[in-house]
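Protein sequence lines correspond, in order, to chains E and U.
Note that the working numbering has the first sequence beginning at 1, numbered continuously upward.
Note that the working numbering has the second sequence beginning at 1, numbered continuously upward.
Hints listed in this document are in silico derivations from the structure and should not be mistaken for laboratory results.
Computed from a prediction, not measured in an experiment: that's the story for all the values here.
Errors might be hidden in some of the hints.
A pair counts as met if it fits within one copy or between any two copies, since identical chains are not told apart.
[Unchecked claim] As a list, the in silico EDC-like pairs of lysine to aspartate or glutamate whose alpha-carbon atoms are at most 20 Å apart: (1) 85 x 37; (2) 85 x 140; (3) 85 x 137; (4) 85 x 131; (5) 85 x 142.
Here are the chains, one letter per residue:
Number of protein chains: 2
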Amino acid sequence: MLGNDYPEQVCSVARALEVIGERWTLLIIRDAFLGVETFDELVDSLGITRTVLARRLAHLVEHGVLDRRRYHQRPDRHSYHLTPKGQELFGVIVVLTDWGDRHYPHPPGPPRLIRHHGCGGSVSAQLTCTDCYQRMERGDIEAVPGPGLLAAPGDRPDDRR
Amino acid sequence: MLGNDYPEQVCSVARALEVIGERWTLLIIRDAFLGVETFDELVDSLGITRTVLARRLAHLVEHGVLDRRRYHQRPDRHSYHLTPKGQELFGVIVVLTDWGDRHYPHPPGPPRLIRHHGCGGSVSAQLTCTDCYQRMERGDIEAVPGPGLLAAPGDRPDDRR
Numbered sequence: 001m002l003g004n005d006y007p008e009q010v011c012s013v014a015r016a017l018e019v020i021g022e023r024w025t026l027l028i029i030r031d032a033f034l035g036v037e038t039f040d041e042l043v044d045s046l047g048i049t050r051t052v053l054a055r056r057l058a059h060l061v062e063h064g065v066l067d068r069r070r071y072h073q074r075p076d077r078h079s080y081h082l083t084p085k086g087q088e089l090f091g092v093i094v095v096l097t098d099w100g101d102r103h104y105p106h107p108p109g110p111p112r113l114i115r116h117h118g119c120g121g122s123v124s125a126q127l128t129c130t131d132c133y134q135r136m137e138r139g140d141i142e143a144v145p146g147p148g149l150l151a152a153p154g155d156r157p158d159d160r161r
Numbered sequence: 001m002l003g004n005d006y007p008e009q010v011c012s013v014a015r016a017l018e019v020i021g022e023r024w025t026l027l028i029i030r031d032a033f034l035g036v037e038t039f040d041e042l043v044d045s046l047g048i049t050r051t052v053l054a055r056r057l058a059h060l061v062e063h064g065v066l067d068r069r070r071y072h073q074r075p076d077r078h079s080y081h082l083t084p085k086g087q088e089l090f091g092v093i094v095v096l097t098d099w100g101d102r103h104y105p106h107p108p109g110p111p112r113l114i115r116h117h118g119c120g121g122s123v124s125a126q127l128t129c130t131d132c133y134q135r136m137e138r139g140d141i142e143a144v145p146g147p148g149l150l151a152a153p154g155d156r157p158d159d160r161r
């Protein structure tokens with residue numbers, strides 16, 4: 001069931017945050033990206049309670065971000081893997097890693113390097129125009145109301161973010 | 001002061017989330033991106049209490065994500081603007097908008113379009129290698145322990161995520 005964290009918001013960012021905006025969730029997605037896959041490994045990696053982890057994982061499985069697989073029977077043990085829908089969130093992890101590295105550097109250097117394993121170069125998330133393929137700077141981008149906002153109930157569409 | 005939401009994590013994603021991971025914060029950044037700038041406009045847009053908004057804004061100003069400007073005296077009124085450090089987070093907003101649009105579509109269409117105002121094309125965040133400029137797919141990317149992780153205290157570096 002879709003959460004209702006931001007029920008008043010006619011906004012795709014808000015919808016996305018209802019799925020992945022809870023405390024710990026983006027770190028679970030980071031771990032899945034890093035290959036931390038079993039429930040017990042996730043508990044160790046995150047240092048959170050089993051109850052909170054189970055709740056977060058169930059939410060992500062329900063929304064098709066993670067796929068749950070049984071890798072052991074009696075007792076049942078499960079591992080969790082990013083679905084294609086979950087993999088589309090890599091960009092978020094890459095931007096946050098980059099931003100954290102740049103603004104909150106660890107004195108010995110970045111804790112983790114995200115690389116192109118073909119050539120060993122660093123991977124970054126670049127804002128790109130899908131029509132002209134130019135790389136976008138802040139001044140090149142505009143956000144305009146789309147059909148979903150213009151059709152939303154309310155007094156004035158411009159008031160709705 | 002840096003928050004301590006994820007004190008055990010030697011990870012730039014965790015550091016970034018201590019600054020922008022609180023409930024509402026990414027929607028405040030989205031609003032700043034859309035040009036919603038004054039305290040009162042933000043209250044209207046988000047529908048949150050003035051106390052919560054003031055706390056979130058203070059945290060973002062303290063971390064240099066937003067810049068606070070007085071635009072009216074007696075009574076003092078302030079507006080909030082993304083700093084260059086804050087603008088580096090656009091990629092997160094773009095990925096989440098994209099992802100929300102794709103997986104939780106509004107029947108009439110996307111609420112908001114993020115466009116290149118030069119040519120009118122859509123803007124997306126593409127994972128790109130900064131060395132060979134190739135566009136990355138999931139299989140092209142690897143995350144490896146960096147100097148900050150290898151230097152972290154703990155039994156085995158591989159245990160730290």
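Verification of the hints:
1. 85 x 37: The answer is within: 17 Å in one copy meets 20 Å, while 33 Å across copies does not.
2. 85 x 140: For residue 85 and residue 140, the Cα distance is within 20 Å only across copies (17 Å; inside one copy 28 Å).
3. 85 x 137: Answer is between: at 13 Å across copies they meet the 20 Å cutoff, but 27 Å inside does not.
4. 85 x 131: Classified as neither: same-chain Cα gap 23 Å, cross-chain 27 Å, threshold 20 Å.
5. 85 x 142: between (26 Å within a copy, 18 Å between copies)
The structure fails hint 4 only (numbered hints given earlier).
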